[in-house]
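Number of protein chains: 2
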Amino acid sequence: MSKHNYIRALLKQPVERTPVWVMRQAGRYLPEYRKARKKAPNFMEFCKQPELACEVTLQPLQRFDLDAAIIFSDILTIPDALGMPLEFISGQGPVFPEPLRDEKSLVALQEREPLGDLQYVMDAIKLVKHELADKTPLIGFAGSPWTIGCYMVEGSGSKTFSQVKRLLYREPTLLHALLSLLSKHITQYLLAQVKAGADSLMVFDTWGGVLSGPCYQAFSLDYMSEIVAGVKQEAPHIPITLFTKGGGQWLEAMAVSGCDALGLDWTTDIANARHRVGNRVALQGNLDPCVLYSSPEGIRQEVKNILDQFGSHPGHVFNLGHGMYPDMSPEHMQVLVDAVHEFSQS
Amino acid sequence: MSKHNYIRALLKQPVERTPVWVMRQAGRYLPEYRKARKKAPNFMEFCKQPELACEVTLQPLQRFDLDAAIIFSDILTIPDALGMPLEFISGQGPVFPEPLRDEKSLVALQEREPLGDLQYVMDAIKLVKHELADKTPLIGFAGSPWTIGCYMVEGSGSKTFSQVKRLLYREPTLLHALLSLLSKHITQYLLAQVKAGADSLMVFDTWGGVLSGPCYQAFSLDYMSEIVAGVKQEAPHIPITLFTKGGGQWLEAMAVSGCDALGLDWTTDIANARHRVGNRVALQGNLDPCVLYSSPEGIRQEVKNILDQFGSHPGHVFNLGHGMYPDMSPEHMQVLVDAVHEFSQS
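So the sequence lines, in the order shown, correspond to chains A and B.
Under this note's numbering, the first residue of the first sequence carries the number 329, and numbering increases by one thereafter.
Under this note's numbering, the first residue of the second sequence carries the number 329, and numbering increases by one thereafter.
The set of hints was computed from the structure by calculation and includes no laboratory data.
All the pointers check out, no bait thrown in.
Since the list gives no way to pick out one identical chain from another, each pair is judged satisfied if it fits inside one copy or across any two copies.
Straight-line Cα separation of at most 27 Å, BS3-like style, residue types lysine-lysine; simulated pairs:
1) 366 <-> 487
2) 487 <-> 573
3) 560 <-> 340
4) 363 <-> 487
Computed from a predicted model, the values in this text were never measured in an experiment.
All chains should be modelled from the sequences, with the hints used to inform the complete structure.
Here is the structure:
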């Protein structure tokens, strides 16, 4: 058995207390992060400097009693390494000025081998692992094929996802070819992260929730399952967590994907989720991040609610149902982390 | 029994064919709508001219064999009538330059009686009813208290809903006071629409899906139930449809709210929804609007899928799971409407 509560919880083994980490725990809500970011204002350039990525990965662990670190990176490193120019525009998020909309653009990408250009991620992982000295486990991650594909086809975030869905309904073969290509690269990318030292892996499916049930299965979950199978073949001991934001209606299907744990957003009742997935997978989540705007007492109450709802079974990793927002208070994050440990020990 | 298939379907009575109407069926995808809008480029000013609202309400019925009309208006007419200045900024949607964030702003609103300033909606309904001559039923509508409240507190649309949730978690009493006030006005507003001639009512809860289950119940559904009870007390014969976008996890709770029908977005499997709500309510929905980007044959296939999934029980109103987008093709809308009738007659 691993010495880490976080790893044990993912494997549904007994823990001393419920482990906690928080999506975007290294982020703009931390003044030390904002300071570090000034060393390389361009976001992708920042990600590509292993020393800086290492520095900010470790920042939240110096403040809070967190049970896991997650490597500082972005879900769009793969299209960047495939040669699609990527810009981060303030207030608009990531933008591909030349989105992928036709077969010609796809063929151009098919010739690329992105893994070599992603070495900076592996270098950052190695640096972090050295610093952590196995006191805290490190999470590696990737975006899901569907989510990365959404950005590549839309060219940016979207309210309607009209472009990628136009492809889905009109040219499904082309979209499947793109998603297959991404799945292959993501599998290799995650395995390289394991080789570099990642102790666990997470796949972020930020946009799976905009699909109908059958389309979610065919265009998102099937590819994530393929990735899980590919990773498990070479690294069977590494726990994998799948997180589909807005995926609360499809937990049963996700639970048989071969992964070890499911991330839940806050719209799903965690007791109900536990009932639905049974003992097949561990669960990660799922406090509404906006609870951090509440008072310390309010935060403690909501943390207790989630822990009580999950119950005393093994298999719970506490997290928010989405990432931290920039205007949140580090002091309130402290209250959250301590409350998880306090209430789950008793 | 009503002579209208649409009304009969809402009441779970037998129909000759599945009725169909489409959210935002009067909208920018129609060239005649874009032309009419030029007569009053300011969106709220346009809404406030009953002749123009009547004209565009009827436009889709002149093109398509639709089973219901919906009065052309906006969910933000109530805060506008409460005296909150509202602007529609191109590409950004509705904006309140002075959002509601404290008790003082709420107290100022509490002194207003908005119904008198909403007479233009009733006038538009009367004009439409005269033109329809009872050949097609007319739907009246309002936004849900939570959804209108979100816009009033955020000041605009939001990705995170940080402002309104800050209020929810820090000052729930203030938020409840706002939602109570809105519920009271919405009830009166809907009853006035019935008095003016609306044959059925719909409540649009566009943002209920951003809440946790318990918060959805307390801050959205409870208020919608209050509205349903208030309307039913004075107009028991008018069917009411509740639509919470992203509400697929809460259908059981919605089904016991006293309403007659639930609107479904496309992420929910309609066969599963039908199983979960049993015979308690009719269902409206739920094609992914992006299916309209597909080929005519693709659209027909997806329409058939939804009809097959729902089955031959009474109680289905066909619709999209969300409104039409401006770049959609009227010809494809035609294919959709005709396919619903063709496949449900056989």
